[in-house]
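Every number in this note's numbering is 19 more than the matching position in the sequence shown, counting from 1.
These are calculated hints, taken from the structure and not from any lab test.
Check the hints yourself; a few may be wrong.
Straight line, CA to CA, 30 Å or less: simulated DSBU-like cross-link-like pairs of lysine-lysine [to be verified]:
| hint | residue 1 | residue 2 |
| --- | --- | --- |
| 1 | Lys163 | Lys119 |
| 2 | Lys291 | Lys342 |
| 3 | Lys447 | Lys477 |
| 4 | Lys239 | Lys174 |
| 5 | Lys469 | Lys450 |
| 6 | Lys332 | Lys393 |
| 7 | Lys342 | Lys239 |
| 8 | Lys344 | Lys477 |
| 9 | Lys239 | Lys450 |
| 10 | Lys163 | Lys291 |
| 11 | Lys239 | Lys347 |
| 12 | Lys332 | Lys344 |
| 13 | Lys342 | Lys174 |
| 14 | Lys344 | Lys239 |
| 15 | Lys157 | Lys62 |
| 16 | Lys291 | Lys477 |
| 17 | Lys239 | Lys163 |
Label pairs and their in silico Cβ distance ranges [unchecked claim]:
| hint | residue 1 | residue 2 | range |
| --- | --- | --- | --- |
| 18 | Lys447 | Val114 | 48 to 54 Å |
| 19 | Phe134 | Phe389 | 23 to 29 Å |
| 20 | Gly57 | Val301 | 52 to 58 Å |
| 21 | Ser142 | Asp63 | 41 to 47 Å |
| 22 | Cys305 | Val114 | 54 to 60 Å |
These numbers come from a predicted model, not from an experiment.
Think of the CB as a built atom: it goes at the ideal place given N, C-alpha and C, for glycine as much as any other residue.
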Amino acid sequence: MDSQSKLQFVGARSNFLLRVIDIIIITASLLIIMRGYGQVFDKDYLLVLVGVLFFYSYIGESLALYRSWRLGRFSTMCRLVFITVTIAFLLMTLVLFLFKYSEVYSRVTMAGWFFLSVFSLVSWRLLVREVKRIRRIKGYNVHKVAIVGLTETGKHLYDEIIQHDELGFECVGFYDDREPVRIENLDASLIVGSINDAVALATAGRIDKLYVCLPMLAEKRIADIILALGDSTVDVLITPDFLLKNLMHARIGSVGEIDTLSVFESPVNGMKRFYKRTFDIVFSLCAIIAISPVLIAVAIAVYLSSPGAILFKQDRYGLDGRKIKVWKFRSMTVTENSNKVVQASKGDARITNVGAFIRRTSLDELPQFFNVLKGDMSVVGPRPHAVSHNEEYRKLVSYYMLRHKVLPGITGWAQVNGWRGETDTLDKMEKRIEFDLAYIRNWSLWWDVKIVFLTFFKGFIGKNVY
20 MDSQSKLQFV GARSNFLLRV IDIIIITASL LIIMRGYGQV FDKDYLLVLV
70 GVLFFYSYIG ESLALYRSWR LGRFSTMCRL VFITVTIAFL LMTLVLFLFK
120 YSEVYSRVTM AGWFFLSVFS LVSWRLLVRE VKRIRRIKGY NVHKVAIVGL
170 TETGKHLYDE IIQHDELGFE CVGFYDDREP VRIENLDASL IVGSINDAVA
220 LATAGRIDKL YVCLPMLAEK RIADIILALG DSTVDVLITP DFLLKNLMHA
270 RIGSVGEIDT LSVFESPVNG MKRFYKRTFD IVFSLCAIIA ISPVLIAVAI
320 AVYLSSPGAI LFKQDRYGLD GRKIKVWKFR SMTVTENSNK VVQASKGDAR
370 ITNVGAFIRR TSLDELPQFF NVLKGDMSVV GPRPHAVSHN EEYRKLVSYY
420 MLRHKVLPGI TGWAQVNGWR GETDTLDKME KRIEFDLAYI RNWSLWWDVK
470 IVFLTFFKGF IGKNVY
């Protein structure tokens, strides 16, 4: 696991812990208030507690209460806590009123519970913020960032990073192509390399985030930089001086008082990553149990069809461009896993009779549910390509590597839309990547469920599958 993946994992774990502690705090607040008023916690108050916790969790998710606040303002987070608790209590009060249960509960108890919950939740977040600030000052959980463009905006961003150790950023420096004499009113000695050097660092995975701080007049240059960074998995953020069409889906963030727009960033992080992983594990376990007779039957058929192993594993690129081993039922007389893999084509002599059937019906890919359980793949995501094909097409298709901002999948948006099987032309690959990137931009758990449903009708058989 690389540093960026580790940071995302730690963030997701912290988010989950924060949710659990929120539940404990709200529950404890009710018990403390009731004890103070000499009341007994019974099933009626258990019912209202469950209701408030449900509304709080749902509204908190809708308002992005549990997103990373590393770059945000603490006052905004506190305001969201207050809004979330208020709406949760108002909705619960409305439910009690509609079902004529409101008279069962003490208004004084409910009011005290509300105020103690708000105070405790904010106090807890203040404590967490201080602990994280101290840890980041000591060098823990630090993100390495590079700034492209020694401009006024870039300098302000740099100052924010230097002045606020609690952000947990280590700035490796500025990258600019201009000669020092062309840089006015700014310290040119802060430049540590050219823009191409920054792109090389990003491609090599040696930085976690890259901020583009060039003026709008440099639109063409910015577009070229973004295009080059499409061959990396680094988080790319751009200052609002510049507005391209592909920023329509950008997430707005901030570093201190400096606003940023996210250009390349995984949509599956924090609790969203937890939800998707939970779905993957539950669905895969159920699928393996349900199709176990099919797995056994296919394994026997492959074994009898020709000499060789029943399963074979092939190198593919996974999350953040890391190599993974993908399992499949053997469908050919040879199992290629070299630097040059020839795609299967119509009438391919390497494919066995059984192999032709299991490839056409996608049965050869069923062992990949074990890849999902291992954590290398997801049920839904961009299909992983052979490493040699990746290296070929990443040079030909713009933003190709962005498909690796999420886990590869057994099925995907491109596959249920007909872009499955052989990609013997550049147009076909470009179309597949177009659908993959659309999936990443608009990801949601419900969309995953939709794609799984469509797979049963559209994803198993394809006219271009050989």
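Notebook entry, point to check: Which earlier hints turn out false for this structure, listed by number in ascending order?
Noted result: 1, 7, 11, 13, 14, 15, 19, 20, 21 and 22
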